[in-house]
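The lines below spell out each chain.
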Amino acid sequence: MPHQQIKFYQAGSFVAGNRLLPPEERSVQARMDRSNSLTSGHRACQGCGEALGARYVLDAAMRATEGKLIAANATGCLEVFSTPYPESSWRLPWIHSLFGNAPAVGTGVAAALRAKGREDVRVIAQGGDGGTVDIGFACLSGLFERGDDVLYVCYDNEAYMNTGVQRSGATPPAARTSTTKPVGPEPGNAFGQGKNVPLIAMAHEIPYVATATVAELRDLEYKVERAMEIRGPRYIHVFVPCPFGWGSASRDTIRLARLVKETGLFPVFEAVNGEVVGVSKIRRPVPVEEYLKLQRRYAHLFGDDPRDDVIARLQELADRNIRRFGLLTDAPESAGLPGHAGDAADAPPAGVEGESNLMRMLAETHRGAQ
Amino acid sequence: MLKQEEGSQAVAHAVAMCRPEVICAYPISPQTHIVEGLSDRVRRGDLSPCEFVSVESEFAAMSVAIGASAAGARAYTATASQGLLYMAEALYNASGLGLPIVMTVANRAIGAPINIWNDHSDSMSQRDSGWIQLYAESNQEALDLHVQAFKLAEELSLPVMVCVDGFILTHAFERVDLPAQEQVDAFLPAFEPRQMLDPADPVTIGAMVGPEAYFEVKYLMHAKQLDALDRIPRIASEFEEAFGRSSGGLVRGYRTEDAETIVVALGSVLGTIEDVVDELREQGVKIGALGIKCFRPYPLDEVRAALARAGRVIVLEKAWAIGVGGIVGQNVRLALSGLPVSVHDVIAGLGGRPITKRSLRALFADALADRLGPLSFLDLKRDVVERELERQTAGGRPGPHAENILKELGVVAARSH
Amino acid sequence: MRIHGRGGQGVVTAAELLSVAAFNEGRHAQAFPSFGSERTGAPVVSFCRIDDRPIRAHEPISEPDALIVQDPTLLHQVDLFGGLRSDGFVLINTSRSLADLGIAEFFEGHHSERVLRVPATDIAREHLGRPLPNAVLLGGFAAMTRAVSLDAVAGAIRERFPGALGDRNVNAARNAFEYVDA
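Protein chains in written order, with my numbering: chain A, 1 to 370; chain B, 1 to 417; chain C, 1 to 182.
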């Protein structure tokens, strides 16, 4: 027996047991030949979820394309901290043009490659939530509907961090930002606003849509690799905590990313051709308070004048996600989910505890079942 | 090959012969016929390899062109008016990144009030965007300038805007001499980018540049534009040698040798001006015309040399800096500083108002009789403007200008003539 | 020359075809529309200049040597005859008399042999099965002005409309040529 069967308690990440796995099952990050696409020395904050997410995404995509990858980047933290002229942390061909046009620049690169017969070279476009759900949204929708061969990755830290934590269309209800301060009768960001770009992406019926967090890095790698097996527009929405903007401890980045999924506030799922084909189940249900209280952006909900009413509304949102996406292991399959494929949802690619096989293997099984 | 053809089709012909690899387009009048012609060629396979991308906005059109050009493809798009403004942010980005994109601007007015007809408000608004701006005076020149534009753009690594008067040229059937593909291939070598996105040699394009280097990067853009002042005439003469006709260049004088009065203009109105110049020459009037073919970079020395001996310069322009005066006029004055030449800005042809020989005759007669001030407005309906101003002065709620004026003119919808 | 008609009647195409006909005879020509955003049925104007020298001017034609009126219902809506000299050519698509059209007075003092009528819509119906008078009128125009030959007009029509459609239009134009010539 070449290796030892082990149990992975660090759900999703599998990092703990990496060394004990045979080389082909190790994560991209654990391999000696990882590309280090976003290499060290950049100027991201300590505990930056976006830097971590981008490194995993790009290394996985580089591995999937055997290094034949070009990246287009929107303006934002990721762009600023990685390329303070004359330095650059990028070890792949990379272009930054504007805040709102990364999808279109990606389209242009892909069109050039097709014209040149270089379809072996693949394109990734990426941006933060502001560049994706707000200012770059029209270009993103255009990319989706035209069917351009670009993987777009949104690193969602739920506000405009680069400019000083202003509200974006991805800022959650009740969260404090510089433009949604906890003053007035309704503290923090309003309820009933914002948009769910993964669902909007699914409505475009593009071949692949997935959400992920930086707590489940093997799942993120798997989703990137899966996306790179497909041609056409693909969208991955990665939840990336921001210690600076959220007022959280740098050490809590992974913890928060795990909790957001475990509360149900951020459903982690995969959708193919507009149908959900897999969800990452909640392993240990937690109330939203556990997630909220670690972040100063929600501090106004606790303390001397606690807002249990607001917390209850946030819990309702989490509960709705749990129902809608069938996030609990014993939950019946959801009927109300947009584009939900009930018969294909039984093979969650991530968050499976106590199994020795890897997500990629699960995915193989899953693909085989389609 | 001589052909009687629509201006837009002539431009589409020229662009196709330049073998662009990526064409992106968003529809806006009066540019549409050009990209329609190109779309046909791509779909039929006549223009191959080429990707035709229908984008969701002009902002995306320029952004796709940026991505394509950065990835080493010859990229082309076309726009006009609001579309040019909508891509303004990306225009500066393309020039700042030094990407040799070629774009046709089918010149059209800017709203409000919305107006689809010709003037130069659109391209003039982007004169300082770092793009080279060439202005065509005929369909033949529009065609020729595109062939020259790709060469110029790629030699300099700078984007070039070819400005073609909307409708007046784009929709006019005129005789054009279409070059043969072999001629264009011989003139325009394959695009070899200075740097490109290539996994074999990864580069970072578009880094954040702070106070320590931004100035220098921008200065280099300026230096490249100045370099263009040498290259543009050289490319024009190479073109003449290869194709047997003169097109483009920086400026072109018409009967300016002994002219005491010179009319300066850009674009299709030059032909009309030249007809009137001929009439006046027959009457013994020493008048000439100067076409500015390249407005950015601005050929200061050439303008100065061409106008230095004229006592009077009339700058007829289809755009103006509202609250100031002529835009071309300011630049002409800059070229003539220190010289005893009186410069008269004349704003004309806005929103498609025809610039007729009759009006030009009257205008030049005024100028020759020293009745022309430093800034005037050709065929402006003074009475209408004054009544509207009175209405405002009288107080109350004046209402929207455009609607009041149309009511005044007794028209229900704007007509072209 | 200037052509008046309505959106959908091929007013712009007529001017373009005329310019191609002149070009095919080795002359310089320029055709352009009235640059509108007009829709079907709205008044439309197009222009064509023909010359032996290169045409440099780019202004609308305010003083035409010849006019084609494709739709006589425009007579009281649009200043059709604006800038027309007393010896200018006028070709009106109608089967009615000038008096019936209510414009007889306008042409008092005008060279009457230069104001001609041709039932182009009827001819078009007969040949094309559709009331599309533009190519028909070009045949009449050739007969009236001799500015271009009927053969050149026929060539321009066939270039634009290959096959049977072109043939039918050419026959209709010839019919109008003969009508005006007679």
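Derived from the structure by calculation, the hints contain no laboratory data. Hints may be right or wrong, so weigh each one.
[To be verified] Covered stretches of chain B (in silico footprint by chain A; criterion: 3 or more residues with CB under 8 Å from a CB of chain A, positions within the stretch not fixed): (1) 18-29; (2) 71-78; (3) 83-94; (4) 358-367; (5) 374-387.
[What the hints assert, rightly or not] Label pairs and their in silico Cβ distance ranges: (6) Arg130(C) with Pro207(A): 30 to 36 Å; (7) Leu226(B) with Asp167(C): 32 to 38 Å; (8) Gln166(A) with Leu380(B): 42 to 48 Å; (9) Pro207(A) with Lys381(B): 35 to 41 Å; (10) Glu87(A) with Leu406(B): 42 to 48 Å; (11) Asp151(C) with Leu300(B): 19 to 25 Å; (12) Gly41(C) with Gly111(B): 22 to 28 Å; (13) Asn273(A) with Leu380(B): 44 to 50 Å; (14) Arg130(C) with Leu380(B): 41 to 47 Å.
This one's a predicted model, so the numbers in the text were calculated from it and none came from an experiment. Even glycine gets a Cβ: it sits at the ideal position worked out from N, Cα and C.
For each hint, the structure was consulted:
1. 18-29: Contact hint for the segment 18-29 of chain B vs chain A: holds, 3 residues under 8 Å.
2. 71-78: With 4 residues close enough to chain A, the hint holds.
3. 83-94: holds (count 3)
4. 358-367: violated (count 0)
5. 374-387: Since 0 is below three, the answer is violated.
6. Arg130(C) with Pro207(A): 30 to 36 Å: violated, 47 Å
7. Leu226(B) with Asp167(C): 32 to 38 Å: The hint (32 to 38 Å, Cβ to Cβ) is violated, given that Leu226(B) and Asp167(C) are roughly 60 Å apart.
8. Gln166(A) with Leu380(B): 42 to 48 Å: Once the Cβ atoms are compared, 46 Å apart, the range 42 to 48 Å for Leu380(B) and Gln166(A) holds.
9. Pro207(A) with Lys381(B): 35 to 41 Å: violated, 59 Å
10. Glu87(A) with Leu406(B): 42 to 48 Å: violated, 59 Å
11. Asp151(C) with Leu300(B): 19 to 25 Å: Roughly 54 Å apart at Cβ, these two residues miss the hinted range, so it is violated.
12. Gly41(C) with Gly111(B): 22 to 28 Å: Given range 22 to 28 Å: holds, Cβ gap about 25 Å.
13. Asn273(A) with Leu380(B): 44 to 50 Å: Violated: the Cβ-Cβ distance is about 60 Å, outside 44 to 50 Å.
14. Arg130(C) with Leu380(B): 41 to 47 Å: At roughly 45 Å between Cβ atoms, Leu380(B) and Arg130(C) fall inside 41 to 47 Å, so the hint holds.
Of the numbered hints given earlier, the model fails hints 4, 5, 6, 7, 9, 10, 11 and 13; all others are met.
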